[in-house]
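Protein chains in written order, with the UniProt record's numbering: chain W, 1 to 447; chain H, 1 to 447.
Please note: incorrect hints may appear among the correct ones.
Said to hold, decoys possible - Computed list of lysine-lysine pairs in DSSO-like fashion (alpha-carbon distance at most 27 Å, straight line):
1. LYS103(H) <-> LYS16(W)
2. LYS162(W) <-> LYS203(H)
3. LYS8(W) <-> LYS103(H)
4. LYS157(W) <-> LYS162(H)
5. LYS390(H) <-> LYS162(W)
6. LYS8(H) <-> LYS103(W)
7. LYS162(H) <-> LYS202(W)
8. LYS157(H) <-> LYS8(H)
As the list claims (entries may be wrong) - Computed beta-carbon distance windows for the label pairs:
9. PRO226(H) <-> LYS203(W): 50 to 56 Å
10. PHE27(H) <-> LYS103(W): 41 to 47 Å
11. GLU394(H) <-> LEU12(W): 55 to 61 Å
Worth flagging that the hints you see were computed from the coordinates, not collected in a lab.
Small disclaimer: the values here were computed from a predicted structure and weren't measured.
Every residue gets a Cβ at the ideal spot worked out from N, C-alpha and C, and that includes glycine.
Number of protein chains: 2
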Amino acid sequence: MALETFPKEQTLEMRKRLIGQSCRLFFSHDPVKIVRARGQYLYDENGLQYLDCISNVQHVGHCHPSITQAASAQMELLNANTRFLHDNIVQYADRLAATLPNKLSVFYFVNSGSEANDLALRLAHQYTGHDDVVVLDHAYHGHLTSLIDISPYKFRKLGAQKDWVHVAPLPDPYRGMFREDHPDLAQAYADIIQSLICDVHKKGRKISAFFAESLPSVGGQIILPPGYSSKVAEYVRAAGGVFVADEVQTGFGRVGTHFWAFQLQGEDFCPDILTMGKPMGNGHPLACVVTTTEIANAFTANGVEYFNTFGGNPVSCAIGLAVLDVIEREDLRGNALRVGGHLKELLKQLQAKHTIIGDVRGVGLFLGLELVKDREDRSPATEEADQVVKRMKEERIVLSTDGPWENVIKFKPPMCFSMEDAERVAEKIDQILQDLKRTHHKVESRH
Amino acid sequence: MALETFPKEQTLEMRKRLIGQSCRLFFSHDPVKIVRARGQYLYDENGLQYLDCISNVQHVGHCHPSITQAASAQMELLNANTRFLHDNIVQYADRLAATLPNKLSVFYFVNSGSEANDLALRLAHQYTGHDDVVVLDHAYHGHLTSLIDISPYKFRKLGAQKDWVHVAPLPDPYRGMFREDHPDLAQAYADIIQSLICDVHKKGRKISAFFAESLPSVGGQIILPPGYSSKVAEYVRAAGGVFVADEVQTGFGRVGTHFWAFQLQGEDFCPDILTMGKPMGNGHPLACVVTTTEIANAFTANGVEYFNTFGGNPVSCAIGLAVLDVIEREDLRGNALRVGGHLKELLKQLQAKHTIIGDVRGVGLFLGLELVKDREDRSPATEEADQVVKRMKEERIVLSTDGPWENVIKFKPPMCFSMEDAERVAEKIDQILQDLKRTHHKVESRH
């Protein structure tokens with residue numbers, strides 16, 4: 001198979017002409033053409049290798065042969081819809097159920113995290129009979145109409161907040177309204193949800209769901225204070241609502257210690273609805289909603305069928321099963337714990353050297369490096385973060401930024417990321433920050 | 001690869017326990033387990049063969065080797081997201097553009113017809129600055145929140161019509177408010193849209209889009225009166241709205257004479273936004289929105305990025321390209337014309353024999369057989385249609401019903417359906433209708 005059909009300039013010209021420009025390229029000033037990938041490595045049209053630190057979708061590694069094999073074996077046999085009985089969908093649901101608390105036992109398979117989150121909203125609405133949703137500030141839950149409505153990251157830009165949507169402050173221990181020095185962060189941030197619910201009730205409205213990522217990603221790779229979710233769940237359930245955990249970015253062992261990020265919140269916490277997506281099919285469009293029998297029954301009781309044409313087809317489920325197998329066989333959760341831990345430690349060492357590093361945070365292979373202009377006032381070093389990403393690209397390491405000020409460099413690599421990769425990344429960041437400092441000093445001394 | 005993991009009873013038990021019951025099975029009284037398929041044939045766990053007359057998704061035939069080959073070759077190479085430049089997405093857009101009028105030239109790739117229709121709504125809204133949508137009665141445009149809002153087939157059951165949604169009568173020449181004897185069906189039905197727009201304006205509201213399938217499917221395999229769409233487009237555009245053609249079920253040559261069903265409406269008609277889905281990836285989750293540069297530019301101008309994680313990835317596009325190749329190489333559009341024409345002719349012959357057949361309609365391999373209790377009053381023979389479908393299943397032919405009264409037997413088989421298949425289907429329907437008549441007479445004479 002030819003790796004390239006058109007020269008890069010032509011690809012770029014066709015892309016500009018034929019593809020909606022709302023779909024943006026990485027490094028849009030000088031985009032990269034990737035023609036081949038394996039594991040955590042990408043290769044451009046000239047055979048140059050890039051280390052991929054951000055493709056969380058290619059969870060078990062780009063082009064893993066076990067996934068390709070499972071897909072093509074099932075494609076040769078059958079890819080009908082789920083109106084016919086088939087073993088893959090039930091086997092896959094059974095395998096996923098084994099990773100979850102018993103309470104989460106009814107599955108709906110769909111094609112994207114967005115489809116999953118939309119269905120989660122419908123399930124919550126149908127079960128509770130309520131309309132209102134509480135979300136965290138800066139959250140992004142997907143590209144669909146209903147999800148833009150509940151994504152402050154999007155609706156703020158469009159300038160339209162729906163009256164049924166209520167935004168709670170992001171429980172960010174570094175930059176939030178309560179910080180790491182607060183004696184009880186979980187309680188303090190949960191109290192705000194409680195008072196927000198009171199305000200909603202005063203308006204004569206009722207809470208359908210609290211909807212949040214188990215680790216806010218676009219929000220800036222945030223680790224929620226432990227205990228926060230169970231307190232919030234208590235308040236939300238008392239108001240007749242449900243707790244929806246969006247694990248589209250965070251599930252499948254990425255956090256290292258657990259299979260799901262919500263489990264970081266403690267043994268006593270379990271969401272009522274959980275959505276999963278990106279890493280689930282290693283790039284194949286596959287996502288899912290799991291909920292309780294009570295909520296599923298309420299959804300069935302309205303008598304309106306839910307049919308998803310491609311969702312849960314035998315090929316998607318074969319791929320999903322193969323992903324679970326590889327995670328286990330290659331101990332990728334263990335690898336995330338070890339390599340992520342090592343990378344975090346290396347980044348912490350850099351923090352001791354470079355004052356621009358305000359915070360190093362994260363779990364497993366879900367890490368954030370927050371750059372600040374000043375450690376006291378924590379003003380975001382947005383431009384510098386952008387420079388680091390661009391300079392890292394020259395070193396052929398692919399990174400990007402997140403957070404409301406785009407000053408958090410995120411690490412969400414394929415789970416096969418190695419110790420050597422971690423060391424290479426830390427070393428290059430060290431050099432680049434050193435260079436930035438030098439340039440900065442030069443500029444300063446010229447003034 | 002083992003064809004079965006669990007015995008059928010266990011599959012069924014697990015399905016009931018683990019999968020949301022809102023996702024219904026075909027033949028729920030006695031569901032079929034399918035383990036293998038090829039072309040237009042399905043095989044159950046005992047190796048019994050079924051003729052598939054309804055899987056329009058498996059457009060070029062179940063498990064076509066060219067599609068499997070294209071998918072696995074690309075899966076071995078790369079499956080990154082569209083933030084990196086890649087040739088497949090631009091080549092695929094270019095190939096699709098060649099099937100469309102020049103005006104439709106900017107593509108957005110997504111994972112399902114529902115995602116496509118949701119994006120179409122957003123594009124229309126952003127471009128026009130208006131909110132209101134006119135839809136056809138009994139329409140179904142997808143399972144997402146925003147699409148249930150514009151699908152009378154769904155929102156009627158949930159008992160909630162949004163104030164920005166306006167339902168126009170289905171231009172059904174057999175059962176609609178104007179029928180085949182009307183001198184100008186297109187004008188009569190379009191006039192209703194015109195007056196509906198006036199009503200909307202009187203309320204101080206404005207039209208964003210007229211949103212309709214090019215051939216209403218769930219509505220009962222309806223063929224719109226030729227000329228209808230260009231008149232409607234004229235009125236809708238005069239009101240500042242756009243025309244969205246939902247071709248999720250009808251595109252890719254199914255109608256035989258043309259590649260797109262909207263082209264049946266005449267040379268002078270072109271929608272402003274067109275959505276495609278089901279057959280596009282032959283079962284792989286792949287769908288698309290195409291629109292004009294003006295509408296795409298308005299969407300870009302809001303400054304809010306549209307990113308679809310899996311949409312347009314190299315594997316999806318490789319599969320899409322392979323589907324286009326097979327349609328051409330095997331002349332499947334020509335086959336749809338020939339075999340569909342023959343099947344329609346055979347069904348017309350049955351209509352001459354069986355008074356229960358009220359109408360035979362359709363184009364290419366998109367056909368409907370409408371059963372009525374009485375040819376005069378056209379009362380729907382819902383129960384009899386259900387009996388025919390069940391009896392056909394015993395003959396190992398898979399069919400189902402559509403239409404508001406579920407009395408329209410639909411034919412939307414894989415496009416490799418053969419003359420022999422058509423003859424077998426017509427012969428069996430003939431026998432079953434004969435039997436039904438006999439049973440009916442027996443019951444009658446007993447009374």
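Which numbered conditions among the earlier hints are violated in the structure presented, ordered from lowest to highest?
-> Structure breaks hints 5, 8 and 10.
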